[in-house]
Amino acid sequence: MAIETDVAILGAGPCGLFAVFELGLLDLRAEVVDILDRPGGQCTELYPEKPIYDIPGLPIVNGQELTDRLLEQIKPFHAGFHLSQMANGLKRLDDGRWQLSTDAGTDIVAPVVVIAAGAGSFVPKRPPIAGIDAYEGKSVHYAVRKMDAFRDRDIVIAGGGDSALDWTLNLAPVARSLTLVHHRDGFRAQAHSVNRMRELVAEGKVAFHVASIKGLHGANGRLEAVTLSGADKKEWVHACDSLLPFFGLTIKLGPIAEFGLNLHENLIPVDMARFESATPGIFAIGDIATYSGKLKLILCGFHEAALMAQAAFHVCRPNEKLRFQYTTSSSSLQKKLGVA
Amino acid sequence: MKILATDRNGQEHVLEGRNDWSVMEILRDAGLPVAAECGGACACATCHVYVDQGWLDKLPPRSDAETDMLDMALAVEPNSRLSCQIVCKPELDGIKVTIAPE
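These protein sequence lines map, in sequence, to chains W and P.
Anchor point for the first sequence: position 198 equals 198 in the working numbering, and the numbering is continuous, going up by one each time.
Anchor point for the second sequence: position 59 equals 59 in the working numbering, and the numbering is continuous, going up by one each time.
Just to be clear, a hint being listed does not mean it is correct.
In silico lysine-lysine, DSS-like type, Cα no more than 27 angstroms apart, as pairs [what the hints assert, rightly or not]: (1) W:K214 to W:K233; (2) P:K89 to W:K50; (3) P:K58 to W:K233; (4) P:K2 to P:K96; (5) W:K75 to W:K336; (6) W:K252 to W:K321; (7) W:K50 to W:K138; (8) P:K96 to W:K214; (9) W:K205 to W:K146; (10) W:K233 to W:K75; (11) P:K2 to P:K58; (12) P:K96 to W:K233.
Hint data in this document are derived by calculation from the structure and do not stem from the laboratory.
Between the sequences and the hints, there should be enough to build the whole structure, so can you do that?
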């Protein structure tokens, strides 16, 4: 059944999170959708430990801390979070409201949708191997949902990060054979995982090659072998039926392109007073919004969230008067924040 | 200084480098398709380039952070570098780079 609310926010990065706050002050409830499994967007996915120096009032804060502080700040507003879900549909209902749908079957119905999706969705990096798309979902997988699906398989895992190492260790006991392929004999992973992998190699339970994958062989989506190229550029064919590439995530615009919005170079043009797109009721803030003079800075996204909320109020409550108040002096705002 | 950058279609672009800018910034400024998702923080590996052999020795070696980050890049070769970690300076006049596949 659809969730009815005031505002559906697409994107749980810093701008989407702060939008919950600005909307909350105006008594507008929000539901937030994000493809990642935790809030924070690029802040937590790309640079959780890198310092940010240009957030007003916070001389230094890292991506994780900023996210944690925003989550604390928006706690009083009890927004619903729909994580690990890709928004894949947006349609106007007969009553004028919007329905935002996700690939997990969540439908959110609201008069206002705020797109705070940054540069789009984080999706697994796809190795540049010719014809790999024909095998995806059948023999090539970017995530392991059920270990049992890999029982008695001849698996090749590609990559050198924590995911590649973790799945090497987890799948080795169930696979018929498991080969780890990485471009160097060094790993960007927990030392104990690397040590355990090397033990399994020494015991003959896992094979490791310094190599890269140059080609795939098979038919109808069923992988039969891969061509590997070693450090000396010598190539050989390695029989296998499953390939798991783990090269982290990258950002693709994704289904937003199909939402019928008037995109300009993958960005959503908005007016600078309301941060509403050319489609009434659809707003955009943060990196995905564009207007004359736009800067892709978190602090600009915060400003955009504040102005968007004022405009969104009038869409959600057309017959009510908006009372502009300061958190410093308004006891009603302080009550909402749980401090009065 | 000049940067000779080959894009993913094999076309070469002659770009004007600027002292202290990173090669990634020059590529992006010229509208070439480097995603540079993290904005130059050595945190995403989406500004991956191949540096022409003759120029490799003229660059400071990879930092541990860059080497680690390259583990998240695709089609890594011995001459792979993250262009956000290459800083323009006069000695690099004429450096040749090729943007790695997406």
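The hints, checked one at a time:
1. W:K214 to W:K233: The hint holds at about 11 angstroms.
2. P:K89 to W:K50: With a Cα-Cα distance of about 26 angstroms, the restraint between K89 of chain P and K50 of chain W holds, given a limit of 27 angstroms.
3. P:K58 to W:K233: The given pair, whose Cα atoms are some 24 angstroms apart, holds under the 27 angstroms limit.
4. P:K2 to P:K96: holds, 9 angstroms
5. W:K75 to W:K336: holds, 11 angstroms
6. W:K252 to W:K321: Given pair K252 of chain W, K321 of chain W is violated - Cα atoms ~40 angstroms apart, limit 27 angstroms.
7. W:K50 to W:K138: With Cα atoms ~37 angstroms apart, K50 of chain W and K138 of chain W exceed 27 angstroms; violated.
8. P:K96 to W:K214: Given that 27 angstroms is the threshold and the Cα spacing comes to 24 angstroms, the pair holds.
9. W:K205 to W:K146: OK: K205 of chain W and K146 of chain W at ~21 angstroms, within 27 angstroms.
10. W:K233 to W:K75: Between K233 of chain W and K75 of chain W the Cα gap is close to 55 angstroms, so the pair fails against 27 angstroms, i.e. violated.
11. P:K2 to P:K58: Distance ~15 angstroms between K2 of chain P and K58 of chain P Cα, so the pair holds.
12. P:K96 to W:K233: Cα-Cα ~22 angstroms, so holds.
In this structure, the hints that do not hold are numbers 6, 7 and 10, in rising order.
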